[in-house]
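Peer 1: Those sequence lines, one after another, are chains A and B.
For the first sequence, the working numbering begins at 1 and goes up steadily by one.
For the second sequence, the working numbering begins at 115 and goes up steadily by one.
Below, computed lysine to aspartate or glutamate pairings styled on EDC-like, alpha-carbon distance capped at 20 Å:
| id | chain 1 | residue 1 | chain 2 | residue 2 |
| --- | --- | --- | --- | --- |
| 1 | A | Lys-49 | A | Glu-66 |
| 2 | A | Lys-101 | B | Glu-166 |
| 3 | A | Lys-77 | A | Glu-64 |
| 4 | A | Lys-101 | B | Glu-177 |
| 5 | A | Lys-77 | A | Glu-66 |
| 6 | B | Lys-180 | B | Asp-202 |
| 7 | A | Lys-22 | A | Asp-54 |
| 8 | B | Lys-155 | B | Glu-201 |
| 9 | B | Lys-155 | A | Asp-85 |
| 10 | A | Lys-22 | A | Glu-8 |
| 11 | A | Lys-101 | B | Glu-173 |
| 12 | A | Lys-77 | A | Asp-9 |
| 13 | B | Lys-178 | B | Asp-202 |
| 14 | B | Lys-155 | A | Asp-9 |
| 15 | B | Lys-134 | B | Glu-166 |
| 16 | B | Lys-155 | A | Glu-8 |
| 17 | B | Lys-128 | B | Glu-201 |
| 18 | B | Lys-169 | B | Glu-136 |
Distance windows between CB atoms, simulated:
| id | chain 1 | residue 1 | chain 2 | residue 2 | range |
| --- | --- | --- | --- | --- | --- |
| 19 | A | Gln-45 | B | Gln-143 | 13 to 23 Å |
| 20 | A | Thr-106 | B | Ser-123 | 23 to 33 Å |
| 21 | B | Glu-201 | A | Thr-106 | 12 to 22 Å |
| 22 | B | Cys-127 | A | Gln-10 | 27 to 37 Å |
| 23 | B | Gln-156 | A | Lys-69 | 22 to 32 Å |
| 24 | B | Ser-132 | A | Ser-80 | 45 to 55 Å |
| 25 | B | Thr-171 | A | Gly-53 | 26 to 36 Å |
What the hints contain is simulated information worked out from the structure, not anything from laboratory work.
Even glycine gets a Cβ: it sits at the ideal position worked out from N, Cα and C.
Here is what each chain is made of, one letter per residue.
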Amino acid sequence: AQSVAQPEDQVNVAEGNPLTVKCTYSVSGNPYLFWYVQYPNRGLQFLLKYITGDNLVKGSYGFEAEFNKSQTSFHLKKPSALVSDSALYFCAVSLNTGFQKLVFGTGTRLLVSP
Amino acid sequence: GAVVSQHPSRVICKSGTSVKIECRSLDFQATTMFWYRQFPKQSLMLMATSNEGSKATYEQGVEKDKFLINHASLTLSTLTVTSAHPEDSSFYICSAIYRGGASYNEQFFGPGTRLTVL
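Please model the entire structure based on the sequences and the hints provided.
Peer 2: As structure tokens, then:
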């Protein structure tokens, strides 16, 4: 069965500093990987996805993520954090089977301090 | 484009009553819609997968008679929580997949519905 782990409940970073939100996955086939962001009492907003091709994926709001097959990781990164980036971030995985069911990680709260 | 709406955004009901939540894809046709449940400070748990014109597929542990799902058209799916109880209080989120296009279609999420059962 596929699963996603986000080892950090919360990440704290100062504005202007680089940020990393970690995600590792476990699937039996080739994964489709996603990052979503959730603001309080809101649904999820899509940030980026990895399907195939370049391991470095660029997404919305300056975020990027690197797919590392050997380490089964898909960490979310941003070179310079903004206070407005403070939110809950979810990593998700789906199998490369055409069936779009997603399995989500437990989420990481990002807190960017001024 | 790719906007998904949910109605209502918040609902408070008495125990024992039924509540219907609507999920609409506003500017695209959705072959498949998903219903999730999110508890405070927890991840999204998939409840069921809804395909237009067919019965929903429920995840293990989700009571199909309690959480009725209807996907009557390519733009509308409804979740009805029947005989609601306080433990059904939660944040319910739907998502929809765009019909056609790329080989893999990302999910577009609605803004969620906060259900409180008194």
